[in-house]
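A.B. asks: Residue numbers (this note's numbering), protein chains in the order written: chain G, 1 to 151; chain A, 1 to 123.
Heads up, some of the hints might be wrong.
For lysine-lysine, the following DSSO-like pairs were computed, each having C-alpha atoms within a straight-line distance of at most 27 Å [claimed, not checked]:
no.	chain 1	residue 1	chain 2	residue 2
1	G	K115	A	K96
2	A	K92	G	K115
3	A	K92	G	K95
4	A	K96	G	K114
Quick caveat, the hints were computed from the structure, so don't treat them as lab data.
This is what each chain is made of:
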Amino acid sequence: MATFFLIIHGICALLLVGAVTHQALGVFWPRRPGQTDFIANARGIRPQVYVIPIMILFVVTFILGAGIYPIYRVYVRPPLEDLRVLYGIGLFEIKENFAAIVLALLPAYWYFWKKTSEYPTTRAALTAIVAVTVWYNFIAGHILNNLRGFG
Amino acid sequence: MNSSLIARVLPAFGIGFALYYAPAYSFTGGNSTFSWPLFTYFPSVGDYGEWHMWLVPGSDTLGPPMWWYGWIATATLVGLVFAAIAALLPAKAVEKILASLVWVVPILAFVFLANWERAWFNL
């Protein structure tokens, strides 16, 4: 059952990576008039449309991750410690910390995207923080799963 | 809730959470004198694990401790306190400051935490 939830966690994370990437591209590298190629189309989106899906996906991914965390603590981390694969543990520690702090930022992220047109710098910075965190957590999660999955 | 109020309350919550979480993670240890986590979870006890209030170190009978849930719980409470204080402060002056702190503080927390994690990478 844990493997099932791990896979759902990974699929939600994949969708989340797609959403934050589109939003970040739309904010930091918007499509210019006349650009019609594939990359330009990925950038030519309305970033505010992604706010609610990103929040929902982040929370769902977080809850699934928090739910399977005890299995990591009991069955994955001790062998990594025994084998001295400490960088794997470090990658995970950073992942859990970033995820928790970004979870608490989501209400503010929602406010600056949905409720005010002021503070564009704050909006852009929060978008970047969410995007970098999601990308880091996605890659770190994959590396960790490759080092030692639930099996 | 009016817009001016949520403009202070929501950023203040995120700031308070990050300000507590970063040192909580970094300074929690089995023999810490201050209980940074609100509770400790022991996942290897019984079928569903066991919860204990405050910081409890791991042992042979309880197994490895998990403090992450407890840090999140305490940081949430601190965030709520920050939000309540922000709600009482004058709107315009505080709003601008919070709009900057809401992204500066988490970035500083990330840097602080990443620096703390260097030990795992032999750096």
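A.B. asks: Now, for every hint given, state plainly whether the structure supports it.
C.D. replies: Structure-based check of each hint:
no., hint, in the structure
1, K115/G - K96/A, "15 Å, holds"
2, K92/A - K115/G, "16 Å, holds"
3, K92/A - K95/G, "35 Å, violated"
4, K96/A - K114/G, "17 Å, holds"
Checked against the numbered hints listed earlier, the structure breaks hint 3 alone; every other hint is satisfied.
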